Each structure stands twice: as C-alpha cells, then as structure tokens.
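Going down the list, the sequences are from chains V and X.
Residue numbers are given in numbering that gives the first Met the number 0: position 61 of the first sequence equals residue 60, and the series is strictly consecutive.
Residue numbers are given in numbering that gives the first Met the number 0: position 47 of the second sequence equals residue 46, and the series is strictly consecutive.
Keep in mind that the hints were calculated from the coordinates and are not lab data.
Small disclaimer: the values here were computed from a predicted structure and weren't measured.
All residues carry an ideal CB built from backbone N, CA and C; glycine is no exception.
Heads up, some of the hints might be wrong.
Within a straight-line C-alpha distance of at most 27 angstroms, the following computed DSSO-like cross-link-like pairs (lysine-lysine) qualify [unchecked claim]: (1) K117(X) x K257(V); (2) K104(V) x K71(X); (3) K123(X) x K99(X); (4) K257(V) x K71(X); (5) K279(X) x K279(V); (6) K117(X) x K38(X); (7) K38(X) x K279(V); (8) K79(V) x K14(X); (9) K71(X) x K79(V); (10) K279(X) x K14(V); (11) K71(V) x K165(X); (12) K279(V) x K104(X); (13) K117(X) x K279(V); (14) K123(V) x K6(V); (15) K104(V) x K257(X); (16) K99(V) x K71(X); (17) K279(X) x K204(X); (18) K79(X) x K257(V); (19) K99(V) x K257(X).
Examples of chain V residues lying across from chain X (beta carbon under 10 angstroms, computed) [unchecked claim]: (20) G83; (21) S255; (22) K257.
2 protein chains.
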Amino acid sequence: MKIVCDKRDIANALKTVLKAVPNRATIPILECVLIETQKNVIKVTGNDMEIVINTVMHGQVLEDGAIAVEGKLFNDIISKLGNGDVTIETDNNTFAVTIKAGRSKFNLPGRNAEDYVKMPALDKGFTFSVPQPLLRDLVEKTIFCAAVADNNPMMMGECLTVEGDKLTAVALDGHRIAMKSIILDRNYGDCTFIAPAKSLQEISKLMTGSIQDIVNITVAPANVVFQFDETIILVRTIGGDYFKFNQIFDAEPRLSIKAYVRDLLDSISRTSVMAREGDKKPMIINISGDIANLSVNSNYGHVEEELEIVHEGEDITIGINPRLLMDAVNAFDDDEVEIRFVNPKAPVFLMKEGIDSKYVVLPVNIN
Amino acid sequence: MKIVCDKRDIANALKTVLKAVPNRATIPILECVLIETQKNVIKVTGNDMEIVINTVMHGQVLEDGAIAVEGKLFNDIISKLGNGDVTIETDNNTFAVTIKAGRSKFNLPGRNAEDYVKMPALDKGFTFSVPQPLLRDLVEKTIFCAAVADNNPMMMGECLTVEGDKLTAVALDGHRIAMKSIILDRNYGDCTFIAPAKSLQEISKLMTGSIQDIVNITVAPANVVFQFDETIILVRTIGGDYFKFNQIFDAEPRLSIKAYVRDLLDSISRTSVMAREGDKKPMIINISGDIANLSVNSNYGHVEEELEIVHEGEDITIGINPRLLMDAVNAFDDDEVEIRFVNPKAPVFLMKEGIDSKYVVLPVNIN
Chain V
0 MKIVCDKRDI ANALKTVLKA VPNRATIPIL ECVLIETQKN VIKVTGNDME
50 IVINTVMHGQ VLEDGAIAVE GKLFNDIISK LGNGDVTIET DNNTFAVTIK
100 AGRSKFNLPG RNAEDYVKMP ALDKGFTFSV PQPLLRDLVE KTIFCAAVAD
150 NNPMMMGECL TVEGDKLTAV ALDGHRIAMK SIILDRNYGD CTFIAPAKSL
200 QEISKLMTGS IQDIVNITVA PANVVFQFDE TIILVRTIGG DYFKFNQIFD
250 AEPRLSIKAY VRDLLDSISR TSVMAREGDK KPMIINISGD IANLSVNSNY
300 GHVEEELEIV HEGEDITIGI NPRLLMDAVN AFDDDEVEIR FVNPKAPVFL
350 MKEGIDSKYV VLPVNIN
Chain X
0 MKIVCDKRDI ANALKTVLKA VPNRATIPIL ECVLIETQKN VIKVTGNDME
50 IVINTVMHGQ VLEDGAIAVE GKLFNDIISK LGNGDVTIET DNNTFAVTIK
100 AGRSKFNLPG RNAEDYVKMP ALDKGFTFSV PQPLLRDLVE KTIFCAAVAD
150 NNPMMMGECL TVEGDKLTAV ALDGHRIAMK SIILDRNYGD CTFIAPAKSL
200 QEISKLMTGS IQDIVNITVA PANVVFQFDE TIILVRTIGG DYFKFNQIFD
250 AEPRLSIKAY VRDLLDSISR TSVMAREGDK KPMIINISGD IANLSVNSNY
300 GHVEEELEIV HEGEDITIGI NPRLLMDAVN AFDDDEVEIR FVNPKAPVFL
350 MKEGIDSKYV VLPVNIN
C-alpha cells in the first residue's frame, strides 16, 4: 500500500476512529487502526469489539493495499508532523510501515490487515434519521443516569425507542431515571433498542454537525449502525427487554414546588460542601410555606440554606443524595423546574408542563 | 472573633495561603489556615513547615480574635458563595466557626489558634529587591533542572547568588544544569542561599505583578523571606555548600552548531515519539556538514529527522536523552541557540553570546 494524504486529513480520521481503539486490549491487534484502500478511497477503522468506527480519509492512493498499525503510536507520530503531505508506504511481505513527511522519516512495524477483526456485515433493519445536534442533546441530557459499572449490563445502557414520530431515550441506575423525547421529521413506525451508554457517549462527541447535518440510524437484531458525514459506527446492542419503569410515574403527588434552576443548583452545590467524600450524608429538604430549607449535617459540619419557591400542596421533610439531585436539575431543559413529591419514601419527580424531559430521583431514608 | 469581608477578598487570600497548606499533614493542624485579627488588620496564614505564607485579607473586624480552620473545607465553602459580604464568627470557648452569606449558613469546627505552628520571627539579614516578573522568569527558566526526588536535598533545591548587581540562579540534578542571571537595580554586595525548588515554584506562581511590582528578599541564616504586595513568604533554606559545578564550563569545545529553537524543538519532539515509556532509548545526533541528523531506534520503531544547522568545527555522533535536551532548548531565551560539543562522552552546552542563560546536558553512552 502507498498513499499520500494531507496531515490534517489523517489527524481528523485518527481522532474519529481512536475512540474505538483501547489503550490495552486482550487481543493486541485491537490496539491497531486498520487502514485500507478500496477503489481510490482510503478507509480507517477502529474496533474495540463493542463499537466499530469506520471513516473515510481523503488522499491519493498510489498503490492499493491494507495494513494494521498501532493506533496510539501512529497518532503520536501524525500529531507531531508539520502541516503538509504525508506519505505512508507498507512492505507487503514484512508489513513494515514507512511514514515520510518533510525531512522526517519513521519506520514502524505494522500487522497483517487480514488479522484485524472485521466490521460485521451491515444488516438491513429499521431505519430512521435525526439531526446530529438533537441526538447529541438527547444523549447528553439522559446518559448520566446510566450506571458506570453494574452487574446488570442493561443498567449501563440507554434505551432508545421510536414510536411514530417520537424518539425517547431512557437511562437509569438503581437510584434515578432520566427520560427525554424529541420529535422526528416524520412517522417511522415503532422500534426499540438498548445501546451501551459508553458507546453512545463516544458517538455523541463525534457528531459535531449542525441542525441540517443528519445521522441515519439502522437498527438490526444484534447491532445498531450510526451513519453521518463520512463515518459509519456500529454498536453492539444489549439484548433483552428493558426495565418496566413507566408505572413509577403513576404515583399521585401530594405537593409540588417550582424553583429557578440556577438558584436551586447554587443552593445544592453549597450544601453539598458538607456531604464530602467519606461522609456522604444526605441533604435534607424541608418544604414549608414558600421556603425550601436545604441542610446537611455531617462530621465536617452543618450547613443550612434557604431558597424561595412557589409551593402547592402539603409540607414535607425528605432526604436526598445532593449529587443525584444536582445532576438532574443541571440537565433540566428550562430555567425553571417543577419538583413533585409523594411522601418522604417515594420517588421525587422533576418535570415541567411543555418540557419533554423528566427525571426521577429516589429519596434517602432519614429516620 | 467576628469579621465581615467581601467574598472575593477571602477567596484571593485563601488562594494565596493554600499553596502552603498540605492536603494531608502528619500534624493535623497544618491542614488548617490561621485567621487572626491584629489592630483591625485581618491576616491569613498557611504553613507546611517548609514554607509559611502570610497575607492580608481586607475586611471589617467587629470583634478581635484568632482561629484555625480546615483550609480545604473553608475554601470549598467560600468558593461556592455568591458575591457579596461574608460574615465569619467564632465561639471563643468551643472554637466553632459560623460562616454566613446571603441565605446560607455554615457551622464547622475550628481549632484553637494557640495550637497553630507560628511563623518564626523574621530575622534581619541580607536584603535585595527584584521586579516580580524578572524573578518569576529566572525561576521558571531554571527550576525544571532541579531533581523532583533525590536523597540529596540540595539537588531538590535551587541556588540563588547575589554578586554585586547580578543575581544568578542555578539548578541541577545528576544529568543536567541550568544557570541564568539577571541584573539588579544596584550593587547589593554578595550573598548566596539554597531554597527548595518546590517552594520557589509556588512563590513564582504567586508573583503575578508587573515590572514595577517589586519583591523584597531577606536572607537570614536559616530561612529566606519574600515580601511582595501584602504577602510575606518564609522559606526554610537548605544548609551547606552548593555543588562546585563551575569547572564543567572550562572544557574546550571541538565543535558548535547553531539552530533555530522552534525547528529544533519540533525535530526533537518528533524523534522522541519512538523513545516512549518502557523503552527510553537515547536520541542519536549525528552532525556532519550543515545537517544534523536526529534519530531514535527503539522497540517501537525507527525515526530519522534532518535539520539544517550552521556548523563550525569537527563532526560528531552523540547520544542524548531527548526529553532533557528538549527541556533545555524550550527554556532557552532566544529564537536561536548555540550548542557546543567536546566529545561524545563530555557534557553538551547550550548557550549564546549575549544571552544570560546556559544549560548543560550530559550525553548518554551509545557504544
């Protein structure tokens, strides 16, 4: 293989695929990126067995071929080159790779592209389209509720459901739920799948396009494929039925408060100073009249904070993990949030009329 | 004690003294900052036994007193408050501290200020003055050559010497030397002291003033005191005579090259890609004619790089640690650097006529 590319084109292609290249893999060739030419098109692939990213690298193909080369080292080399043309040439027998640019020349061992784990064939399946920034926002505003580590892989995933012209994302761990919907450009029918949260997060970081830039999503039985710009990303889906969480919303609230998101965040942030590591005491919210009193009492000290609210219904004293509440308020899509309470042991709901996101946080027993 | 201060004034004072407050100290009270009022002046102190920082906090003293309060927690609280007045009040019997601001109230345990390790009395001594940015630059351009950890504390220090109107800083570890001088505003006589590099670095970060802002330095037998703005910093000096390194400069160079600093840095940076962790191979510099060939050959691969230079004298092939060379070139105070070589086993000198900084890097044996 022999190709000539502009340094910036290689750097961009590597930046994209390296999100799917682990620093250390049990199968060492997965630490490589695959470069292959196909009829004058240069493709670059990264694959960590959970997510496969394949993108087009612009350049000139002088001799067809394919090679696997250690991703991190290759990226280190490219990132240090000056702007201009870079020539990459491989020895078809030894798989040695030579990179030339300006007055620099690098030789490094490559690996047989045949040994690289191929991207599975792209199956046909249910297909729908979303503008990139809308999908990015949908993921960002929900994914933080997925568990980072859990015995149940479904808790580390996010459930995406298309119902007609509505796309809903749900993520949850044992303590909270995030749920947000967006309206699609037309009715696509019904489909649901669960994707690993980590992979969805990587994909959302790569979708930097604006509202007219579309991502096409194809849901097959075992995987889901995201196609945008010149990039194809395949993610293995998590099989099984997602949690039945909807009944949690049936509870009848006995009081509700409205508060400004900015003020509420500041108050929670200040009170959580006393809920420090090693002594994660709950925050106690006492609602009486048009004042919410937030307090934390820990080994480090005591903090009390008053917040003006609009209050409807009964009074309540309830314990909550300040970090979980802060995450949810922080992601809320409006300047004002409504919080509904049932009783001190029942889930707490964050929502607002006309806003298409809902959060649930379980309380902490304070008796 | 009862004081009222603007949030930003407390935040600034804490930012300064926290550089001398360890996260974990064997003497727990050192994790505190000391706040004390003296005739309507509020002073804040941090002390990690190697460096003591004392600064003035502007505010109103309603009741005289003193308290020690956990530095990190206190700073966390202050940083989360909105702008405006903050009231700090202590209970003289229990040492409990109450902080009030807006609708927030914090209670935290304080400690008896009597138990706090006092700043030693400031001795009289040799005194000189330097504009803050000049001292900052002097420290930054030399301190990286001091050892981060070494059995010999002197290697973790920097030697500062006043000779008439010249101030010279020297730092070295077992592999390199940095030496830089500045001219003072007048003749101060002669004095020399060794200060811990880590402390000097903290001080240089705190001196954010411009050329008309002076730092006054007093050298006493066991410590050195830096006074600037409203801050007093005492640093314990390292006793003993500093290394006799001057004779190293007596060697007669057999060749010299001149190169542009920017180009040289780029070339070293690219070749060092192959001198990665776990296989720290030396960079080989081959100088012949007006070309310097830089190369590294490691388990990761091979890199070769050509650099145009101005060359005088013999040819040479020499091995060097690319990181040490890069640090020195990076700190060099000009667009162009002259590098002098004696032989492949002798120290390498970076200097330039008319430039008041010199660096020495020892070569690596490549036979």
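Does K71(X) sit within 27 angstroms of K257(V), going by the straight-line distance between their CA atoms?
34 angstroms, violated
Checking hints one by one. Is S255(V) an interface residue toward chain X, by the C-beta closer than 10 angstroms rule?
22 angstroms, violated
Hey, K279(X) versus K279(V), does the alpha-carbon distance stay inside 27 angstroms?
44 angstroms, violated
Take a quick look at whether K279(X) and K204(X) sit within 27 angstroms of each other, Cα to Cα.
32 angstroms, violated
Holds or violated: K99(V) to K257(X), with C-alpha atoms at most 27 angstroms apart:
25 angstroms, holds
Taken at face value, is the distance from the CA of K279(V) to the CA of K117(X) at most 27 angstroms?
Since the Cα atoms of K117(X) and K279(V) sit roughly 34 angstroms apart, the hinted pair is violated (cutoff 27 angstroms).
For a C-alpha distance cap of 27 angstroms, please report whether K79(V) and K14(X) respect it.
At roughly 36 angstroms apart (the allowed maximum being 27 angstroms), K14(X) and K79(V) break the hint.
Assess, step by step, whether the Cα of K104(V) is no farther than 27 angstroms from the Cα of K71(X), and give holds or violated.
50 angstroms, violated
Holds or violated: are the alpha carbons of K123(V) and K6(V) at most 27 angstroms from each other?
35 angstroms, violated
Taking 27 angstroms as the top limit, are the C-alpha atoms of K71(V) and K165(X) close enough?
48 angstroms, violated
What's the verdict on K99(V) and K71(X), does the C-alpha distance respect the 27 angstroms limit or exceed it?
Outside the cut-off at roughly 51 angstroms; violated.
Does K38(X) lie within 27 angstroms of K117(X) when you go C-alpha to C-alpha?
18 angstroms, holds
Hint compliance for this structure: hints 1, 2, 3, 4, 5, 7, 8, 9, 11, 13, 14, 16, 17, 20, 21 and 22 are not met, and every other hint is.
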